[in-house]
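Peer 1: In the order they appear, the protein sequences are chains A and B.
The numbering of the first sequence is numbering that gives the first Met the number 0, which starts it at 0 and goes up by one.
The numbering of the second sequence is numbering that gives the first Met the number 0, which starts it at 0 and goes up by one.
Honestly, the hints are just simulated from the structure, not real lab data.
Worth double-checking, as some hints may not be accurate.
With a straight-line cut-off of 25 Å between C-alpha atoms, the simulated PhoX-like cross-links for lysine-lysine are [claimed, not checked]:
#: 1; chain 1: A; residue 1: 84; chain 2: B; residue 2: 218
#: 2; chain 1: B; residue 1: 85; chain 2: B; residue 2: 113
#: 3; chain 1: B; residue 1: 204; chain 2: A; residue 2: 84
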Amino acid sequence: MGRYVIRRLLQMIPVFIGATLLIFLMVNVMGDPIAGLCGERQCDPATEARLRQEFGLDQPVWQQYLTYMGHVFSGDFGTAFNGQKVIDLMASAFPVTIRLTIVAIVFEIIIGIIFGVITGLRRGRPVDTSVLLLTLVVIAVPTFVTGLLAQLVFGVNWQLIRPSVSPAAPFDELILPGLVLASVSLAYVTRLTRTSIAENARSDYVRTAVAKGLPRHRVITRHLLRNSLIPVVTFIGTDIGALMGGAIVTERIFNIHGVGFQLYQGILRQNTQTVVGFVTVLVIVFLVANLLVDLLYAVLDPRIRYA
Amino acid sequence: MRGAAHAGRVACAVAVVLAASGCGGASDVIGGPNGVVRSSWGDPQNPLEPANTNEVQGGKVLDMVFRGLKRYNPKTGKAENALAEKIDTADSTHFTVTVKDGWTFSDGEKVTAKSFVDAWNYGANVDNNQKNAYFFQYIDGYDKVHPESGQPTARALSGLKVTGPRTFTVTLSQRFSTWPDTLGYAAFAPLPRAFYDHHADWLAKPVGNGPYTVENYTKGSQMSLRTWKGYPGADRPRNGGVDLVVYTDNNTAYTDLVAGNLDLVDDVPASQLKNVRSDLSGRYINSPAGIIQTLAFPYYDKEWNTPDAAKVRTGLSMAINRKQITDTIFRKTRTPATDWTSPVLGADGGYLAGLCGRACDYDAAAAKQLIQRGGGIPHGRLTITYNADTGSHKEWVDAVCNSINNALGNDKACVGGPVGTFADFRNRIGQRKLTGPFRAGWQMDYPLIQNFLQPLYYTNASSNDGKWSDPRFDRLINEANADPDTKSAIRTFQRAEGVVRDRMAAIPLWYQNGSAGYSDRVSHVALNPFSVPVYNEIRVS
Numbered sequence: 000m001g002r003y004v005i006r007r008l009l010q011m012i013p014v015f016i017g018a019t020l021l022i023f024l025m026v027n028v029m030g031d032p033i034a035g036l037c038g039e040r041q042c043d044p045a046t047e048a049r050l051r052q053e054f055g056l057d058q059p060v061w062q063q064y065l066t067y068m069g070h071v072f073s074g075d076f077g078t079a080f081n082g083q084k085v086i087d088l089m090a091s092a093f094p095v096t097i098r099l100t101i102v103a104i105v106f107e108i109i110i111g112i113i114f115g116v117i118t119g120l121r122r123g124r125p126v127d128t129s130v131l132l133l134t135l136v137v138i139a140v141p142t143f144v145t146g147l148l149a150q151l152v153f154g155v156n157w158q159l160i161r162p163s164v165s166p167a168a169p170f171d172e173l174i175l176p177g178l179v180l181a182s183v184s185l186a187y188v189t190r191l192t193r194t195s196i197a198e199n200a201r202s203d204y205v206r207t208a209v210a211k212g213l214p215r216h217r218v219i220t221r222h223l224l225r226n227s228l229i230p231v232v233t234f235i236g237t238d239i240g241a242l243m244g245g246a247i248v249t250e251r252i253f254n255i256h257g258v259g260f261q262l263y264q265g266i267l268r269q270n271t272q273t274v275v276g277f278v279t280v281l282v283i284v285f286l287v288a289n290l291l292v293d294l295l296y297a298v299l300d301p302r303i304r305y306a
Numbered sequence: 000m001r002g003a004a005h006a007g008r009v010a011c012a013v014a015v016v017l018a019a020s021g022c023g024g025a026s027d028v029i030g031g032p033n034g035v036v037r038s039s040w041g042d043p044q045n046p047l048e049p050a051n052t053n054e055v056q057g058g059k060v061l062d063m064v065f066r067g068l069k070r071y072n073p074k075t076g077k078a079e080n081a082l083a084e085k086i087d088t089a090d091s092t093h094f095t096v097t098v099k100d101g102w103t104f105s106d107g108e109k110v111t112a113k114s115f116v117d118a119w120n121y122g123a124n125v126d127n128n129q130k131n132a133y134f135f136q137y138i139d140g141y142d143k144v145h146p147e148s149g150q151p152t153a154r155a156l157s158g159l160k161v162t163g164p165r166t167f168t169v170t171l172s173q174r175f176s177t178w179p180d181t182l183g184y185a186a187f188a189p190l191p192r193a194f195y196d197h198h199a200d201w202l203a204k205p206v207g208n209g210p211y212t213v214e215n216y217t218k219g220s221q222m223s224l225r226t227w228k229g230y231p232g233a234d235r236p237r238n239g240g241v242d243l244v245v246y247t248d249n250n251t252a253y254t255d256l257v258a259g260n261l262d263l264v265d266d267v268p269a270s271q272l273k274n275v276r277s278d279l280s281g282r283y284i285n286s287p288a289g290i291i292q293t294l295a296f297p298y299y300d301k302e303w304n305t306p307d308a309a310k311v312r313t314g315l316s317m318a319i320n321r322k323q324i325t326d327t328i329f330r331k332t333r334t335p336a337t338d339w340t341s342p343v344l345g346a347d348g349g350y351l352a353g354l355c356g357r358a359c360d361y362d363a364a365a366a367k368q369l370i371q372r373g374g375g376i377p378h379g380r381l382t383i384t385y386n387a388d389t390g391s392h393k394e395w396v397d398a399v400c401n402s403i404n405n406a407l408g409n410d411k412a413c414v415g416g417p418v419g420t421f422a423d424f425r426n427r428i429g430q431r432k433l434t435g436p437f438r439a440g441w442q443m444d445y446p447l448i449q450n451f452l453q454p455l456y457y458t459n460a461s462s463n464d465g466k467w468s469d470p471r472f473d474r475l476i477n478e479a480n481a482d483p484d485t486k487s488a489i490r491t492f493q494r495a496e497g498v499v500r501d502r503m504a505a506i507p508l509w510y511q512n513g514s515a516g517y518s519d520r521v522s523h524v525a526l527n528p529f530s531v532p533v534y535n536e537i538r539v540s
């Protein structure tokens with residue numbers, strides 16, 4: 000187990016370097032960011048040269064990348080164009096997005112798995128058909144439609160919530176945005192759980208458990224669900240990374256100042272330091288989440304062993 | 000499942016705690032003279048230093064936190080003395096400035112002549128990386144503190160001299176009769192010692208001499224400004240303060256305004272213009288701002304820089320149905336342009352409606368004829384380059400192309416050329432590789448006709464992106480700048496504008512209005528000619 004974890008951690012290094020290099024190059028390809036700083040006019044050449052020097056843009060790209068990585072390993076993520084340290088931006092943005100992701104994941108787990116179990120056990124019944132139809136609709140409708148609609152109905156028409164989230168972004172204000180963010184994944188979790196449950200419901204060990212005279216809820220939670228959750232856990236694990244990085248649309252609609260907001264602004268202003276910094280952290284989150292998922296397999300299914 | 004249920008409980012507990020501590024401060028909505036206006040904002044692009052802020056969001060704050068020598072009247076746009084007691088000159092080159100007595104910064108430091116001179120020297124010095132440094136370019140010694148390349152050879156502008164606690168002299172490197180009227184721009188604001196001595200702290204919480212003080216600033220999300228009780232000026236705020244809340248998307252800000260969580264949105268999204276009047280039951284302003292949109296041309300491209308190409312440009316101008324586009328796409332938040340300045344200048348300030356004449360009237364037949372006489376569109380096809388990330392530019396560029404295509408009876412005569420980001424758009428302009436017209440918007444820095452002409456069309460001027468050059472125009476501008484009589488100077492500026500028209504240096508499209516919506520909690524809301532809300536006049540009921 001220990002050796003397996005170490006091997007996985009070592010594998011992260013090339014992935015990490017490759018991902019950051021790719022992002023670095025991609026932001027660079029977008030062109031010179033200094034030109035956008037002076038409004039509808041040419042920066043005067045002297046100031047432009049100074050700014051270029053200040054942000055290290057006067058060096059060749061490979062050198063910029065090496066300097067940047069060197070700084071990153073000493074904990075310095077650089078400075079955004081508005082003079083703020085990227086690390087400060089992260090300190091304000093990540094907690095917000097993490098809260099949003101937690102809300103979304105909790106929704107996914109609770110609603111998704113409950114729906115999945117119910118439909119899986121009642122395959123072909125009206126409940127199953129209607130939930131399936133519902134998930135189909137949710138998957139088909141883009142997030143920004145769901146988001147804007149929910150905002151209009153709950154925020155403006157019924158006045159149940161504030162249409163936008165306050166800068167502090169506490170959990171209670173994130174419930175609706177979290178649900179919107181989770182909606183598509185939630186539908187997938189439902190479908191995955193349903194299929195898995197339906198398949199395993201006919202397996203030998205379930206029949207044995209029923210034959211033993213175990214109560215129904217125990218059969219379902221201890222035997223059936225535990226074995227059926229493996230694909231679902233894989234999905235939710237990878238979804239953590241996707242939710243954190245992919246919240247741009249939801250964060251824009253509800254004016255949440257999280258990672259999506261900073262990334263969007265960083266890309267618009269072509270701010271390499273912000274974009275690469277945030278993406279780097281997201282890459283790490285993604286890698287760690289994947290590792291945790293793999294380790295969870297062993298917990299769920301004792302037959303799986305890592306060496 | 001056990002773990003999940005547990006996580007849910009924790010989430011609720013945290014939510015309760017946060018709600019108890021966090022929401023108390025945000026929701027204390029009080030009215031009357033101490034009421035706080037909640038207004039939408041965008042994250043400023045640059046650090047909030049006066050000489051480093053060149054966009055409207057940062058400018059909004061500076062307008063509340065600082066007062067300079069002059070202030071532009073929020074209604075008329077005229078430059079009026081604020082901190083200046085008088086600014087004297089005999090020759091339009093040497094100026095003596097007297098600062099009013101009794102002004103202090105909100106930290107108690109007195110505003111003296113030195114507060115101004117130090118601030119201007121700081122802004123001009125190339126070592127400080129200030130993006131508005133070129134505002135000081137007319138002051139003598141600018142080339143020493145801000146050389147085109149290399150190290151500065153002086154720390155201070157030789158043209159600035161403190162002659163007393165409240166007086167200083169300014170020597171310009173050229174005659175510039177209306178120079179005092181440029182001093183209302185934020186870059187010329189005075190700065191307290193704290194700005195230099197504790198720079199990082201100052202940036203975290205700017206201190207100025209304006210009617211508001213910064214109470215709390217969370218970068219990237221909110222700034223709370225409160226009325227400064229000791230403000231000595233005449234324009235004391237009628238409210239208790241302003242909370243500026245950052246919105247990523249102006250649609251969300253608008254939704255918040257409709258739901259009653261926000262009092263003022265100064266950027267109504269184009270998609271909502273259709274229903275804004277009914278949504279807000281008339282609490283909507285649509286007033287002229289000092290912004291003009293034009294199409295500029297690349298004169299470094301040989302084919303555009305010929306006498307015949309001028310005919311083509313005039314023809315193109317006549318092929319654009321401005322009225323139809325401003326009515327349908329912009330819902331009258333823009334007005335078809337008939338000159339190259341802006342109505343906010345007023346007739347006295349040099350705005351001359353109809354100066355463009357027939358060249359700006361829609362006439363498809365004449366347009367087609369003119370373009371043919373000029374040898375057709377250079378390179379065979381017109382590509383209008385624009386940035387697609389902001390300002391719904393795609394809609395109007397497509398409409399302009401449509402209009403041109405219809406006039407020429409050719410579906411492929413004109414196409415839009417979108418560029419992903421503003422920075423990249425500016426890049427392509429800077430690299431001078433464009434072969435067709437490109438979007439050019441101009442927001443005035445100060446309400447003078449000079450500001451609409453010289454930076455845009457003077458040879459090698461800072462915003463002359465198309466590199467247009469005409470000796471006749473340059474000569475008239477120099478003549479107008481040197482003229483001590485404002486009236487005749489403006490007439491000369493208008494003659495220079497006539498040169499722009501005859502050569503159709505840029506096609507004027509429309510004057511842009513400022514638009515704002517407000518809640519029923521506030522009244523006396525207005526926009527100044529810079530399309531910034533006049534915050535100090537707003538009353539909270």
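Peer 1: Now look at each hint and say whether the structure bears it out.
Peer 2: The hints, checked one at a time:
1. For the proposed pair residue 84/A and residue 218/B, the alpha carbon gap of about 11 Å is at most 25 Å, so the pair holds.
2. A C-alpha spacing of about 16 Å is found between residue 85/B and residue 113/B, which places the hinted pair at or below 25 Å, so the restraint holds.
3. Simply put, residue 204/B and residue 84/A have alpha-carbon atoms about 16 Å apart, close enough for the 25 Å limit, and the pair holds.
Of the hints listed earlier, there is not a single one the structure fails to meet.
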